[in-house]
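2 protein chains.
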Amino acid sequence: MKKIEGAVTAAKGFEAAGVAAGVKYKDRMDMAMIYSNEPCVAAGAFTQNIVKAAPVLYDKEIIDSKKKVKAVVVNSGIANACTGKEGFAYCEQSAKITKEALGFSEEVLVGSTGVIGMQLPMDKIEAGILALAKEKKEDVQSSTNAANAILTTDTRKKEIAFSFEIQGTEVKMGGMAKGSGMIHPNMCTMLSFVTTDANISGDTLQKALSEDVPDTYNMISVDGDTSTNDTVLVLANGLAGNAEICYGTEEYNQFKNVLHEINVYLAKEIAGDGEGATALFEVEVKGAKTEEDAKKIAKSVVCSDLTKTAIAGHDANWGRILCAMGYSGGVFTPENVNLSFVGCENTVIIMKDGDAVSYSEEEATKILSENPVKALIELNEGKGCATAWGCDLTHGYIEINADYRS
Amino acid sequence: MKKIEGAVTAAKGFEAAGVAAGVKYKDRMDMAMIYSNEPCVAAGAFTQNIVKAAPVLYDKEIIDSKKKVKAVVVNSGIANACTGKEGFAYCEQSAKITKEALGFSEEVLVGSTGVIGMQLPMDKIEAGILALAKEKKEDVQSSTNAANAILTTDTRKKEIAFSFEIQGTEVKMGGMAKGSGMIHPNMCTMLSFVTTDANISGDTLQKALSEDVPDTYNMISVDGDTSTNDTVLVLANGLAGNAEICYGTEEYNQFKNVLHEINVYLAKEIAGDGEGATALFEVEVKGAKTEEDAKKIAKSVVCSDLTKTAIAGHDANWGRILCAMGYSGGVFTPENVNLSFVGCENTVIIMKDGDAVSYSEEEATKILSENPVKALIELNEGKGCATAWGCDLTHGYIEINADYRS
Numbered sequence: 001m002k003k004i005e006g007a008v009t010a011a012k013g014f015e016a017a018g019v020a021a022g023v024k025y026k027d028r029m030d031m032a033m034i035y036s037n038e039p040c041v042a043a044g045a046f047t048q049n050i051v052k053a054a055p056v057l058y059d060k061e062i063i064d065s066k067k068k069v070k071a072v073v074v075n076s077g078i079a080n081a082c083t084g085k086e087g088f089a090y091c092e093q094s095a096k097i098t099k100e101a102l103g104f105s106e107e108v109l110v111g112s113t114g115v116i117g118m119q120l121p122m123d124k125i126e127a128g129i130l131a132l133a134k135e136k137k138e139d140v141q142s143s144t145n146a147a148n149a150i151l152t153t154d155t156r157k158k159e160i161a162f163s164f165e166i167q168g169t170e171v172k173m174g175g176m177a178k179g180s181g182m183i184h185p186n187m188c189t190m191l192s193f194v195t196t197d198a199n200i201s202g203d204t205l206q207k208a209l210s211e212d213v214p215d216t217y218n219m220i221s222v223d224g225d226t227s228t229n230d231t232v233l234v235l236a237n238g239l240a241g242n243a244e245i246c247y248g249t250e251e252y253n254q255f256k257n258v259l260h261e262i263n264v265y266l267a268k269e270i271a272g273d274g275e276g277a278t279a280l281f282e283v284e285v286k287g288a289k290t291e292e293d294a295k296k297i298a299k300s301v302v303c304s305d306l307t308k309t310a311i312a313g314h315d316a317n318w319g320r321i322l323c324a325m326g327y328s329g330g331v332f333t334p335e336n337v338n339l340s341f342v343g344c345e346n347t348v349i350i351m352k353d354g355d356a357v358s359y360s361e362e363e364a365t366k367i368l369s370e371n372p373v374k375a376l377i378e379l380n381e382g383k384g385c386a387t388a389w390g391c392d393l394t395h396g397y398i399e400i401n402a403d404y405r406s
Numbered sequence: 001m002k003k004i005e006g007a008v009t010a011a012k013g014f015e016a017a018g019v020a021a022g023v024k025y026k027d028r029m030d031m032a033m034i035y036s037n038e039p040c041v042a043a044g045a046f047t048q049n050i051v052k053a054a055p056v057l058y059d060k061e062i063i064d065s066k067k068k069v070k071a072v073v074v075n076s077g078i079a080n081a082c083t084g085k086e087g088f089a090y091c092e093q094s095a096k097i098t099k100e101a102l103g104f105s106e107e108v109l110v111g112s113t114g115v116i117g118m119q120l121p122m123d124k125i126e127a128g129i130l131a132l133a134k135e136k137k138e139d140v141q142s143s144t145n146a147a148n149a150i151l152t153t154d155t156r157k158k159e160i161a162f163s164f165e166i167q168g169t170e171v172k173m174g175g176m177a178k179g180s181g182m183i184h185p186n187m188c189t190m191l192s193f194v195t196t197d198a199n200i201s202g203d204t205l206q207k208a209l210s211e212d213v214p215d216t217y218n219m220i221s222v223d224g225d226t227s228t229n230d231t232v233l234v235l236a237n238g239l240a241g242n243a244e245i246c247y248g249t250e251e252y253n254q255f256k257n258v259l260h261e262i263n264v265y266l267a268k269e270i271a272g273d274g275e276g277a278t279a280l281f282e283v284e285v286k287g288a289k290t291e292e293d294a295k296k297i298a299k300s301v302v303c304s305d306l307t308k309t310a311i312a313g314h315d316a317n318w319g320r321i322l323c324a325m326g327y328s329g330g331v332f333t334p335e336n337v338n339l340s341f342v343g344c345e346n347t348v349i350i351m352k353d354g355d356a357v358s359y360s361e362e363e364a365t366k367i368l369s370e371n372p373v374k375a376l377i378e379l380n381e382g383k384g385c386a387t388a389w390g391c392d393l394t395h396g397y398i399e400i401n402a403d404y405r406s
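Top to bottom, those sequences are chains A and B.
Going by this note's numbering, the final residue of the first sequence carries number 406, and the count climbs one at a time with no gaps.
Going by this note's numbering, the final residue of the second sequence carries number 406, and the count climbs one at a time with no gaps.
Some hints could be false.
Copies of the same chain are indistinguishable here, so a pair counts whether it falls within one copy or spans any two.
[As the list claims (entries may be wrong)] Okay, derived cross-link-like pairs now, DSBU-like style, lysine-lysine, Cα gap no bigger than 30 angstroms in a straight line:
1. K124 <-> K352
2. K66 <-> K374
3. K68 <-> K85
4. K26 <-> K66
5. K268 <-> K134
6. K366 <-> K256
7. K286 <-> K85
8. K60 <-> K383
9. K374 <-> K68
10. K134 <-> K207
11. K99 <-> K374
12. K67 <-> K286
13. K207 <-> K124
14. K3 <-> K96
15. K124 <-> K374
16. K24 <-> K352
17. K99 <-> K366
18. K383 <-> K68
19. K60 <-> K352
20. K124 <-> K2
21. K137 <-> K26
22. K3 <-> K99
23. K24 <-> K366
24. K289 <-> K137
25. K352 <-> K85
26. K24 <-> K96
The hints are simulated quantities; they were obtained by calculation from the structure and are not laboratory data.
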């Protein structure tokens, strides 16, 4: 597996574009398109929030139908959530406009992110789609434009790509994502798009995605709020020309490893670029009775407002970590716990066998001032392990969210 | 039921005191005592956090033993949590010192709140107990001193008292509490102490408390963090001279009503005085399929960082409320939802039958600038209802918590 330049256009046959359509933001790109020259199989994972945005409902129908897909159209600024039948009709219209502009009959997936409860300005969306259809290209810059256009309060684009070999044939896979606020995915994260030229069936692609989401996007949290719009989409067009990847084979594992690397990278990028965040906060739990316990405990620690503000203050207030472990719902014995902060160069042991260890506050503060900040929790009860990712909670989060709509 | 002056010393035979013992804070009262001339039956409710502070473990043993109690000793500044056997021994020592100083053989309950992981300075605790034993009186000022001494980051004392009649006999009940941070009670809240001179058995008192906690302390949240120290204690010394209150009778309901009023008042005071809070945020859910659904939905809305920051910004960003309802785990149909903000004078309807209603942003902002801020959610699915209380999330919370220990 080799990291390569680009993202959603890295794989053969994929093009992308980003344009400024003025949906809500002014003077910046706010609509993106991914396009494949060949029809793709598609896999998706969506929010488990009861209140599902129109694009989530629309995409879910298409993914479930197993129809072939040729394009994805995304806007930022308005979420198209809590918009009723009108909002759903706008998804259908966006798909229709895209198909007509590009002259194909396969399906178009849509994505939206931004303010809940506003209707999309369809005149601007239509003009945006026509511009995207003209602009789309397979170069790196076009892929980067798309990655920038899907951002909201994010401070930086999130993209990555790899090339790897399947039985001697080169296959490429790349992805982009946006996150920042309302990030506590339960099924998958805000918006993430992965493209590959691998030859793989839709069912196998869906299995690979469904198996990987619980360990990646579902293990991050910025603010505990599970969005109405969370969506991960993976498109595969088969242009690499490898023999079809079948479930359970060595090739499947190779493919899934690369998908996992991309998903973990994008998930960590989302957590580390949470609204107002100054550091990624990584919590690794080892030695839990079960993996489920490890996940509950790791996630509870990265979700705690009190641990998050302690990280913001570079303060080794470890009692808050113990507290968040204790109400996580995960089973453990406080008397068996080891806790340490792991820095780039040094590790500071804070607790050993449930007893506080005397440590240098100065050294702890130094580690807690790095980015990322990593806590290692050893429970000494079994073999369950998990890692969760969050960020610190700062004044920036309040500034962004106390007045988001204006 | 009539509101009267005072709090934990309002009921006959109860004395209290607050002193500056220098446990951790300087130049302020930080130790409190409640003392009853007659032995009391006692009821308690404690944190469900796996990591339980030493005083929680100590008090739970005494409450479970059903032994009579004569005093409660509380310190603020240090939580005596994650302190192992040494911390538990300090609870035993505190009780012993109190019994010797005051010359009785009944039990002493203890309470601590503050930083997790530090050991209590027992020399200062001992001196504090001896001072409290000298200072304790039954007047209002002594009760207020105790209410002040138990505070940490709270901005104001929380106390209330009522007198009422049971079969023609006057009975009194009063309580005090502290809250502020690490507030997301799961069984009961940070620290709350209620005294009454009612004649009631320990078992009946425990039933009354256990029935009421789920609707009061367990329905508030400041930051989603369930503390290691949450404790509610109710003491009854029988000095009112009423005929014993038996479970399930009219008199039991009268008694429980007063206990409920006190618990609701203190719970709301804790929520409204959350760390950095500028407003109490009350969410009432009506018409849910079940009470359980109503509770999940109400609590999810007051716990959402995004709704809390919107309240801080006086911003009617109602999409965040729908979003928090949607991931609550409570069942409802988005198409049936009515949502409104209820002010002192006006109500603004935001959503009717699942559709956004056009409303005056100016009027909504006015209501959202009041204290408390109230949201009414009607689900139109059944008869389940519940109310939860939280507060806004402001820069103040970050300031307090990014550097709490120093």
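Legend entry - Alpha-carbon proximity context of K24 and K366, limit 30 angstroms: between (42 angstroms within a copy, 25 angstroms between copies)
Inset, instruction - Measure nothing new, just compare the shortest in-copy and cross-copy C-alpha distances for K383 and K68 to 30 angstroms and report within, between, both or neither. - result: The answer is neither: 41 angstroms in one copy and 46 angstroms across copies each exceed 30 angstroms.
Inset, instruction - Go through the copies and call it for K66 and K374: within, between, both or neither, with a Cα cutoff of 30 angstroms. - result: Intra 41 angstroms, inter 45 angstroms, cutoff 30 angstroms: neither.
Inset, instruction - Using 30 angstroms as the alpha carbon limit, work out where K99 and K374 are close: within a copy, between copies, both or neither. - result: Neither: 47 angstroms inside a copy, 47 angstroms across copies.
Inset, instruction - Check K60 against K383 for me: Cα-Cα at most 30 angstroms, and say if that holds within a copy, between copies, both or neither. - result: neither (36 angstroms within a copy, 33 angstroms between copies)
Legend entry - Status of K256 relative to K366 across identical chains (alpha carbons, at most 30 angstroms): neither (37 angstroms within a copy, 53 angstroms between copies)
Inset, instruction - Go through the copies and call it for K3 and K99: within, between, both or neither, with a Cα cutoff of 30 angstroms. - result: neither (33 angstroms within a copy, 71 angstroms between copies)
Inset, instruction - Could you place K124 and K374 in one of the four classes (within, between, both, neither) given a Cα distance threshold of 30 angstroms? - result: neither (44 angstroms within a copy, 37 angstroms between copies)
Legend entry - Identical-chain pair category, K60 with K352, by Cα at 30 angstroms: between (48 angstroms within a copy, 27 angstroms between copies)
Inset, instruction - Go through the copies and call it for K207 and K124: within, between, both or neither, with a Cα cutoff of 30 angstroms. - result: Classified as neither: same-chain Cα gap 37 angstroms, cross-chain 62 angstroms, threshold 30 angstroms.
Legend entry - Intra/inter-copy verdict for K124 and K2 if alpha-carbon distance must be at most 30 angstroms: Intra 40 angstroms, inter 63 angstroms, cutoff 30 angstroms: neither.
Inset, instruction - Using 30 angstroms as the alpha carbon limit, work out where K3 and K96 are close: within a copy, between copies, both or neither. - result: Answer is neither: 36 angstroms inside a copy and 67 angstroms across each miss the 30 angstroms cutoff.
Going through the hint list in order, the structure does not satisfy hints 2, 4, 5, 6, 8, 9, 10, 11, 12, 13, 14, 15, 17, 18, 20, 22 and 24.
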